[in-house]
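S.K.: One letter stands for each residue in the lines below.
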Amino acid sequence: MLERDLYEPVYNYLHVGFRDRLHPARGDLRSIIAITANSGGNSTGLWSKPDLCIISLSRQKYGITWKIDLHGFEVKPLGCCTVQSVHEALNHTSLVNFTYLVWHTEIWNEASDECSTILSRCAHYGVGLITFSNAHDLRSYALRLPGRRHEPAPDAFDEFVETRLSKDDRTKLLDWITELRR
Amino acid sequence: MSILVAIANPKGGVGKSLTTMMLADGLALTYGARILVIDADPQAGVTKALLGIAAENELHRQRIGLGTILKLFQSGDRIRLAGHRVIAGDLIELRDRQPGLIDMIPSNHELLGALPDFEHTVRKKRRKDRLDVLLSHTLRAEIQSIESNYDVVLIDCPAGPGALGLAGLRLAQHIIMPTSLETNAYSTLTDFLKFILADDLDLASKVRVHPLITQYHATNTTQREMLHHIKQGLYELNAIPRPVPYATALQNAAAHPGPGAFRSVREKYGNALPDLVAMTKAVAERISANH
Chain W
47 MLERDLYEPV YNYLHVGFRD RLHPARGDLR SIIAITANSG GNSTGLWSKP
97 DLCIISLSRQ KYGITWKIDL HGFEVKPLGC CTVQSVHEAL NHTSLVNFTY
147 LVWHTEIWNE ASDECSTILS RCAHYGVGLI TFSNAHDLRS YALRLPGRRH
197 EPAPDAFDEF VETRLSKDDR TKLLDWITEL RR
Chain E
286 MSILVAIANP KGGVGKSLTT MMLADGLALT YGARILVIDA DPQAGVTKAL
336 LGIAAENELH RQRIGLGTIL KLFQSGDRIR LAGHRVIAGD LIELRDRQPG
386 LIDMIPSNHE LLGALPDFEH TVRKKRRKDR LDVLLSHTLR AEIQSIESNY
436 DVVLIDCPAG PGALGLAGLR LAQHIIMPTS LETNAYSTLT DFLKFILADD
486 LDLASKVRVH PLITQYHATN TTQREMLHHI KQGLYELNAI PRPVPYATAL
536 QNAAAHPGPG AFRSVREKYG NALPDLVAMT KAVAERISAN H
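Read top to bottom, the protein sequences are chains W and E. With the first sequence counted from 1, adding 46 to any position gets you my numbering. With the second sequence counted from 1, adding 285 to any position gets you my numbering.
Hints were generated in silico from the structure; no laboratory data involved. Since this is a predicted model, take the numbers as computed values, not measurements. We put the CB at the ideal spot given by N, CA and C, even for glycine. Be careful, since some hints might not be right.
[As the list claims (entries may be wrong)] Over 12 Å on every C-beta distance to chain E, these chain W residues come out as not near it, computed from the model:
| # | residue |
| --- | --- |
| 1 | L48 |
| 2 | R50 |
| 3 | K113 |
| 4 | P123 |
| 5 | L136 |
| 6 | R167 |
| 7 | H170 |
| 8 | G172 |
| 9 | R190 |
| 10 | A199 |
| 11 | E208 |
[Stated by the list, open to error] Using 35 Å as the maximum straight-line C-alpha spacing, the simulated DSBU-like pairs for lysine-lysine come out as follows:
| # | chain 1 | residue 1 | chain 2 | residue 2 |
| --- | --- | --- | --- | --- |
| 12 | E | K409 | E | K356 |
| 13 | W | K113 | W | K218 |
| 14 | W | K213 | E | K409 |
| 15 | E | K491 | E | K409 |
| 16 | W | K213 | E | K410 |
| 17 | E | K479 | E | K413 |
| 18 | E | K479 | E | K356 |
| 19 | E | K479 | E | K491 |
| 20 | E | K479 | E | K410 |
| 21 | W | K107 | E | K356 |
| 22 | E | K410 | E | K356 |
| 23 | W | K113 | W | K213 |
| 24 | E | K410 | E | K491 |
| 25 | E | K566 | E | K516 |
| 26 | E | K356 | W | K213 |
| 27 | E | K566 | E | K479 |
| 28 | E | K491 | E | K566 |
| 29 | W | K218 | W | K107 |
| 30 | E | K413 | W | K213 |
| 31 | W | K218 | E | K410 |
| 32 | E | K491 | E | K516 |
| 33 | W | K218 | E | K409 |
| 34 | E | K516 | E | K479 |
| 35 | E | K491 | E | K413 |
| 36 | W | K113 | E | K356 |
| 37 | E | K356 | W | K218 |
[Unchecked claim] Listed below are several chain W residues computed to face chain E (Cβ distance under 8 Å; list not exhaustive):
| # | residue |
| --- | --- |
| 38 | Y57 |
| 39 | N58 |
| 40 | H61 |
Turn these sequences into a full structure, and let the hints steer you where they fit.
M.R.: Structure follows, in structure tokens:
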């Protein structure tokens, strides 16, 4: 499958399989999941666009404020994932708090050179790793390594939302923030 | 491939939403099944039962659920059903989501008054096709994109002959038809089987219908007699033999304690627990017969 054909299935996985991980045990979660691969045009620069993103607003049950986190996902089709892909995902940390490499690989074997190299590089740089063997089978997705938190510049979030999100998603996010500020 | 089951009856107040909740809980608990509940009823009965009354407004604010789905459909945009999924279930036994789980696509009151306008607008825009056919095609494609995550998809259809209910019927492989043993309910059931399924939708050969007697009063002699005849096969209904009794415990089970609150299945269903288990097993036997 081509990379662009994987966006929709991965989008479904993020909603159905991944999003629950972000939910505080007793708190609240609101999230927006978007395909951002083709947004923002060329002016945003090389390796600057995660293919998909999740904006999560979460609050613990006894928490005072809501926390906004941005999660970026770089999708790599079968046979196209190398150490360079890890660096590509890593580059997104100038914008996102958590970055993930989402890799289509038919067989996952940690003992193999390919898998162990990718996994160790991801672990070294704090890049999360998700693999799947069949894009449309949501049960074939597995989180191999959770992403570590990164701290992009404070204005980076606004920059990302303004340049990568659709108008509908921007409006929805702004409505939520206005509501939750009250 | 998941099994698609519609819970439908054009008559209101026969316990469709309650049956949907019971089936979701029962299948997830008894068989460890992964369940997706689609609330296609603007009255949001099963949404309130599985998520709590407060959830309806909260989800509306988040633009999640049937209202938003239909607005997207109306404007010709992609529905993206996965984006409307929320975790349901208030049972301690299902909290770990292993092996059984309940997810749902919720509904809300948003379109309750505006449904006729919605139908009229969409029909005007796309004159050639029937609205329920269009809706069912769109929903089928969306369900297929996430169904690998679920064993059973339950669709709670609204009462009345609206497009939403008909679309639900078109999607299903099995129809569970809760019906009470009153004259009106019985005649609606036979009309439904004859005219809607056979003549209008031409679904009679494509789906299997399983009438389920609900709100059964064992002390009512007329109902007892009717049940006896049904069991003897007099009405040729092929109904599930064991009725679901009218029980306060079941009404209480549908009163969700609120977000973040959990209870055990025994606490939730009380003395109606054997009815939950029996009904689940009877339905499971029938819907798994061809799979």
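S.K.: To test your reading of the hints: which numbers does this structure violate?
M.R.: As far as the earlier hints go, not one is violated by this structure.
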